[in-house]
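A.B. asks: For what it's worth, UniProt numbering labels the leading residue of the sequence shown as 1, then goes sequentially.
There could be a bad hint or two in this list.
As the list claims (entries may be wrong) - Under the rule of at most 20 angstroms between Cα atoms (straight-line distance), these lysine to aspartate or glutamate pairs were calculated in the EDC-like manner:
| # | residue 1 | residue 2 |
| --- | --- | --- |
| 1 | 167 | 102 |
| 2 | 89 | 102 |
| 3 | 7 | 199 |
| 4 | 89 | 42 |
| 5 | 89 | 162 |
| 6 | 89 | 183 |
| 7 | 100 | 72 |
| 8 | 44 | 17 |
| 9 | 74 | 21 |
| 10 | 74 | 22 |
Worth flagging that the hints you see were computed from the coordinates, not collected in a lab.
Given the structure is predicted, the values throughout are model-derived calculations rather than measurements.
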Amino acid sequence: MEDEKMKSLAIFGGNEEWSSDDWTDSDDRVRGGKSQSYLDTEDKAIGRFHGNLDIKTLGGAGFASQRTTGDERKWDLSQYAGIELQVSKGDKKRYTFILKDELLPPNPENGREQATISYETDFELPPQTVPGETRDRYVFIPFKSLNPTYRGKLQKDAPPLDTSNVKRMSIMMRSFFGAQEGDFSLSIRAITALSQAPDHERSPTPSPSPSPVQRKEKTPMPFQTTERQLEAGVVQLSPAAPAEDPQLGRLRIGNSKIIKVEIRWHKTFLPVVLFALGIFAGYKLANGYDWRQLLQSVTGPCRDLVEKISGYFS
1 MEDEKMKSLA IFGGNEEWSS DDWTDSDDRV RGGKSQSYLD TEDKAIGRFH GNLDIKTLGG
61 AGFASQRTTG DERKWDLSQY AGIELQVSKG DKKRYTFILK DELLPPNPEN GREQATISYE
121 TDFELPPQTV PGETRDRYVF IPFKSLNPTY RGKLQKDAPP LDTSNVKRMS IMMRSFFGAQ
181 EGDFSLSIRA ITALSQAPDH ERSPTPSPSP SPVQRKEKTP MPFQTTERQL EAGVVQLSPA
241 APAEDPQLGR LRIGNSKIIK VEIRWHKTFL PVVLFALGIF AGYKLANGYD WRQLLQSVTG
301 PCRDLVEKIS GYFS
């Protein structure tokens with residue numbers, strides 16, 4: 001029996017020129033991070049997704065992505081089996097491809113986009129366990145390989161993607177729990193819908209998402225369960241605060257608009273001062289100095305200062 005003829009639909013690239021107007025950034029800057037992504041279309045035959053993934057500002061997590069523009073757009077892909085990415089040049093980093101079949105209007109209370117189910121899968125070029133260049137590669141992503149997530153969590157009971165009503169496409173670079181960071185670049189010739197899996201000799205198979213990434217073993221980080229929730233806006237990580245010297249002490253005087261003074265000193269300073277006062281007092285007492293006079297010489301000026309401050313505010 002003769003195989004069914006392959007059908008294809010060029011979505012971006014191919015016979016159509018790439019346009020930066022079709023894409024916009026969606027980075028962790030909206031969560032307080034410093035990652036930045038771009039989609040460069042200077043060469044109209046290629047869309048280059050690139051930028052920098054910063055994971056230090058948010059304490060290890062981070063993401064940078066480009067998504068399609070226009071809430072009214074939709075693609076009917078019901079006659080196709082999946083999406084093929086024709087990659088001109090990439091790097092040995094792992095990316096995420098995301099589709100959405102529903103977009104809600106912004107939340108009237110805060111103006112932010114409301115969450116809907118995302119259908120996603122991860123891929124890398126080539127797999128990090130395989131040597132070789134990352135040029136002229138094909139990635140075929142079957143619709144059935146996409147995993148549904150909602151607000152950062154896998155949804156096992158979610159309905160399958162409505163391929164007749166695809167509303168948005170996204171390409172994302174995420175840290176995968178601190179496994180990757182820094183500059184990234186993925187140059188794509190075309191994004192095409194195909195009616196069946198192609199027979200490319202060098203087509204890497206996308207990994208189910210969420211999935212582990214090939215990386216060196218390292219101590220688990222506390223944000224591992226919240227990275228995708230950070231992307232979805234479920235959690236907000238504060239920028240990492242600079243560490244304070246543990247030997248630094250502080251003394252706060254007052255907490256009003258009139259008196260609010262905070263005195264800081266190094267904790268090794270106080271024992272030195274107390275030791276010096278002890279030596280001074282011992283010397284005076286050993287030379288016949290009356291302890292009452294010694295006490296008065298210390299407390300007298302302090303009492304006078306307190307009386308002056310009290311009189312100022314009375």
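A.B. asks: If a hint holds in the structure, say so; if it does not, say that too.
C.D. replies: Structure-based check of all given hints:
The hinted pair formed by residue 167 and residue 102 meets the criterion: a straight-line CA distance of about 6 angstroms does not exceed 20 angstroms. Simply put, residue 89 and residue 102 have alpha-carbon atoms about 31 angstroms apart, too far for the 20 angstroms limit, and the pair is violated. Between residue 7 and residue 199 the alpha-carbon distance is near 14 angstroms, which keeps this suggested pair within the 20 angstroms criterion. In summary, the hint linking residue 89 to residue 42 is supported, as the alpha carbons are separated by about 15 angstroms, within the 20 angstroms threshold.
Between residue 89 and residue 162 the CA atoms are separated by roughly 31 angstroms; this puts the pair beyond 20 angstroms, and the hint is violated. Between the alpha carbons of residue 89 and residue 183 the distance comes to roughly 14 angstroms, so the proposed pair stays at or under 20 angstroms and holds. Among the hinted pairs, residue 100 with residue 72 is consistent with the structure: their alpha-carbon atoms are about 13 angstroms apart, no more than 20 angstroms. Using a Cα cut-off of 20 angstroms, the hinted pair residue 44 and residue 17 holds, with the two alpha carbons roughly 5 angstroms apart.
As the CA atoms of residue 74 and residue 21 are separated by approximately 16 angstroms, the hinted pair is consistent with the 20 angstroms bound. Our distance criterion of 20 angstroms between C-alpha atoms is met by residue 74 and residue 22, whose separation comes to about 13 angstroms.
In summary, the structure is inconsistent with hints 2, 5 from the numbered list given earlier, while agreeing with the others.
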